[in-house]
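*Asks:* The chain contents come next:
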Amino acid sequence: MDNLSKKYLRPRKIPSTACSGCGLGMNHKAVVQAIYDLGLEVEDIVWGTSIGCAGRQTFGTWKGDGFAGTHGRVYAIARGLRLVLPPEKKIILTVGDGDAFGIGLLHLIHSARSNADFTVIVNDNLGYMSTGGQYGWTTPRGSKTDSSPYGMYEQNLMSDGMDVLGVLRNAGATFLARHVSMDGQRAVESIRKGIQNRGFSLIHMVYPCPTNFGSRELGTRDTVKIYNWIKKKAAPLGEEKENTLWATGIYYDASNSRREFSESIHRNIEKIRRTGTI
Amino acid sequence: MKRYLETGNFAITEGAILAGCRFFAGYPITPATELAEAMSSRLPQEGGIFIQGEDECAALHLCVGAALGGYKAMTATSGPGYILYADPYGWAIGSEIPVVILNSGRVGPVSGITGAPGQGEFYLTRYPTQGGNFETIVLAPNSAQEAMAMTVEAFYLSERFRTPVTVLADQLITDGFEDISVPESDGEMEEMGFRTWPRKINRGPEFYPAMDEIDVPPVVLGHNTGALCSDWTPTEEGYDIEQVQAHHKHAYRLIYKVRNHRSLFNHLYEKNFMDDDPDLVVVSYGTPSRVVNTAVKKARQSGLKVGAVRLINLWPFPDEHFRRKTKYLSVELNWDGQLVREVQRAAPKDSEVHFIGSCGDLPTVTDLIEAFERLLQGQSLARRGWELEEW
Ligand code: SF4
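Line by line, the protein sequences are chains A and B.
1 is the number of the first residue of the first sequence in the numbering used here; add one for each residue after it.
1 is the number of the first residue of the second sequence in the numbering used here; add one for each residue after it.
In isolation and in its complexed conformation, chain B is listed as follows (with noise of 0.2 Å):
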């Protein structure tokens, strides 16, 4: 094991090259430009191809491209350049192509603040590309030492249900410097609990395994092994077709695939005081996170009954963790609310649910503080709740 004082961005990198990644392409955006940069030092050290695309869309095909050449790929941006990537990740997820997008995420809408953390994405990793009729993976880490888990873990989850997986960080996981140790060895990684899974050669020319089926190995070309690889409607062989039969069973599989196989994932949060059923349960995912666990271990000290749930394992979204009648606190960068959405749908049906958010900066240990006392006394929150004061 090695230990650096580094960034989220390097944490990133080595466990991309740890989990057998050869191909990266990208295409400068803060707060992802020094992934991508050290990605274009690190991976001709160990034979990988770096390259930049024209824009994003062309970053993710390259890399699709290489994914489709037998590759293990990856890609890296931020949420203006993750919409460009509609088209190549729906041609992804429908032609089950195996690849990893990071998403830092930053201040929106559009282009809005480059240089502060921001989740408005949330929503935007689960529907990725148009159409519907598929279910996506995103993992979020609150810290650089987990990006580099969940980026490992990105490259085995893809590659086992061939499908595309976000790692979907903030700015200041990719940008903040932290202790981090890199494994040296397959004992180092076994141990540290990260899970790999080679790349595996589809030999038969079918494209389109049955049903729920997962580690199927993708289409690769070049292998003569006439495979056909298309985001059309396939027939068993990989023909296209314009049948709706053919394409329930398409859709289908798109969906249950992932749904079906979720104990590979749902160990994927981390619960803090949740054992007592607490009367206060506060949800968040990235950098939130953090202070969210601050706020509750002191709201603790101070006797408030209150617990917290964080998410790794944004989507397929973990309903089980709000099967109890409660009260939730949802926590986000971002004044919309979106996380808070989901919440409301998963939790029992007269459960109150509450939303605080911010825009830019984090909410404070104390601003928190106030909050669980508000909530947990029957009122309302006044300030960056649903309805935000007047300026």
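Chain A with its partners taken away, still in its complex shape (with noise of 0.2 Å):
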């Protein structure tokens, strides 16, 4: 991502510390490329992010302002933020699968709650990486992990015909996608119509991590074993196969129908101060 890269990131934080391999950085790239896609520019967004390999190594790449929230809280701090930003500022987080759906969940579903204008890119690696390699809240049944060495057998946010983007949709999500790193070009489109949405939009975006994910649940950190496996288990929405464990393409687009979460807080403030009621 030379050109990108040069225009965008800083270029004391690219390459960056992830592993060699390390599918995170096709998730990375998509976003900025959907971010010039769009014309946008390096003082248009305001770019967060979380604990974990996703959050950590993303942090301070981006050229503009920045943040690292603490762990699963960025979606509150983000919505402070979007309530006083300017309305053209884009606010755009990368965060990991264990900050959005485990410890973030409750202050995720009150950001979709309030329909608040940011893109969130769950960056998921199927459990927590970063700290070696436990199972989180979208691994496949069955798959080995350090904190389940038989095989995960708890239910969780995408077991038993659970889907988690479906708990963000009833709770109010305004733009839903789900990708894998390999989908290329069509996550690169996601992602421009999450950040188009003046809402709240999230994507899932599922990428390979060979050195803890691929070396206990396939036993090799073998980069292009994990990147088969995963490619194997994804489909796109409406050619899934009995294997197909990520049916990508866009879940849902509601964009640009409900009223935006600061937007309707400011416009009922100036009313206020003007008549005294709403």
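One thing to keep in mind: the hints can contain errors.
Cβ pair distances, simulated, as ranges [said to hold, decoys possible]:
| no. | chain 1 | residue 1 | chain 2 | residue 2 | range |
| --- | --- | --- | --- | --- | --- |
| 1 | B | Arg-195 | A | Arg-273 | 25 to 35 Å |
| 2 | B | Trp-197 | A | Ala-247 | 46 to 56 Å |
| 3 | A | Ala-247 | B | Arg-195 | 36 to 46 Å |
Distance condition first, Cα-Cα at most 27 Å in a straight line; then the derived DSSO-like pairs of lysine-lysine [what the hints assert, rightly or not]:
| no. | chain 1 | residue 1 | chain 2 | residue 2 |
| --- | --- | --- | --- | --- |
| 4 | B | Lys-297 | B | Lys-271 |
| 5 | B | Lys-349 | A | Lys-63 |
| 6 | B | Lys-271 | B | Lys-349 |
| 7 | A | Lys-6 | A | Lys-193 |
| 8 | A | Lys-29 | A | Lys-63 |
| 9 | A | Lys-90 | B | Lys-200 |
| 10 | A | Lys-232 | A | Lys-193 |
| 11 | B | Lys-249 | A | Lys-63 |
| 12 | B | Lys-249 | A | Lys-13 |
| 13 | B | Lys-271 | B | Lys-249 |
| 14 | A | Lys-144 | A | Lys-232 |
| 15 | B | Lys-349 | B | Lys-305 |
| 16 | B | Lys-305 | B | Lys-271 |
| 17 | B | Lys-200 | A | Lys-89 |
| 18 | A | Lys-29 | A | Lys-231 |
Calculated from the structure, these hints are not laboratory results.
These figures come from a predicted structure and were not determined experimentally.
Each residue gets a CB set at the ideal place from its N, CA and C atoms; glycine is no exception.
Two chains, each in its own frame: build the complex with the hints.
*Replies:* Written out as structure tokens, the structure reads:
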């Protein structure tokens, strides 16, 4: 991503300190590509990150303003920031699956509920990989991790007919999509649409972690093996096969259909200030 | 100046607005709910933002987010909510975000009694988050009027030091009705000793000022300065770095930017009858100090050589008031004894330091005078001291 990275990223942080072969860079690149495609500039975006591989490896990469929040709370911080930043400033959050769907799920749901205008990219390495590899809330059933040595047997947000995007849709999110990091241009397009939605958007992007997930589940750190393993379990929506874990594409698009959080609050405040009532 | 017969919650709301607070995020909890309610009605009138969080942890994060966007922000709670601030409080300390927090103490532990005053968070306000390597600023008013003044002061200090400041009150201060004067002009504010400090925007990308420097504008996002803000160990430019030397600088700064500028707030105390080197010094803060003051005055009239020190600035702890070797008595709204430990630490080695606690009720003037007499006669405190009598 040479040209893109020159335009948007800080030389000091790129290349990142992620393990070699990590798929996170592909997700990161898709986000930056979508920003470029939309014609946005460095100053148009405030970039927030969480804890874990996804957060730490993307923190401080954006040339513009950025912050790294506490574990799982970046959605509440972003809502506070959303209320006081001008509406044309975009907020993009790159976070991990543990952060968004575990510790931060309450705050994420309330962000969807309020339809706060920011775009969350959930980079899903299928568990807690920066701490060495423990199962999370999207880890496929039966997968071996350091905390599921017999195979993961807990019900989670992606098992038994559950879909975390369904939870968020019912909570009020207005744009939801899912991809795997090999989706390339299709993922870029979804991210673009997510950023364009003036409301809560979330793109769930599964990516391969050869170091911890791959080595425990597949018994090898071979990058190609884990890439293929993920690719095989993904299929575009409508073309799912029996073994499909991740149906990719736009899951729900109600862009710009509900009043946005900060717009709604400011409109009411303005009215109260002028007339003393709503 | 406008006068009201109103609650401490009203006074704090007006103080915050005078200080320039235009963002409040709260979560209902007795006895701080009325403050959130007052804010919900007053802030929109001033063009400010009121919002409820999904819990206290979110509420303070919302405030910190707004502060990062350049707003002066505040939240309020009581003990069970204050404990949920641990996460954002630490983040604000580490990333040096100014924000103001009101804690209206009730009786603990945990839910305890909601409708009675307590002082169980003396140490919690010193260590409101994990990890250590920081100093906190805590102010403890003892009336509604002073709660307004200390709210203004808290905003002032939080801006200058780039750190969260807690105003530690209790249920009687926030809920009680008192005579309150609200200044109506800058001149009146000055007359009343209210100091304000504007929010400034850090125009350079540098996150990390030198060592103990203060008055450095905080990081504000959204102004294209390329500012970075995180709770990681920062490098000069704000990148995160896992390096012990860099962390030494960071920790030094978080401790000594406060400790080395104590002169800015060490006038925040009150001394009564301390001029003749009394044989017993009664130490307190918040609501009990009002009973203490009456008791000390009465004891004086009957010839007891007693004096009183009331702390308004609790942290960093003002050791300088405890240099003299004499008898000390700490009067607190808890039974476990918290302030007393700090007095023991600060007082000369072989000073006698005693303690009277109460749990959900206030000490009476009679109780206190009896205690003064016993201590001055060299007797121990049988009731409500370190060793409680059996029920
Ligand atoms: S542990 Fe896995 S997810 Fe994390 S940086 Fe390494 S390869 Fe990527």
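*Asks:* When the hints from earlier in the document are held up against this structure, which numbers fail?
*Replies:* 3, 5, 13
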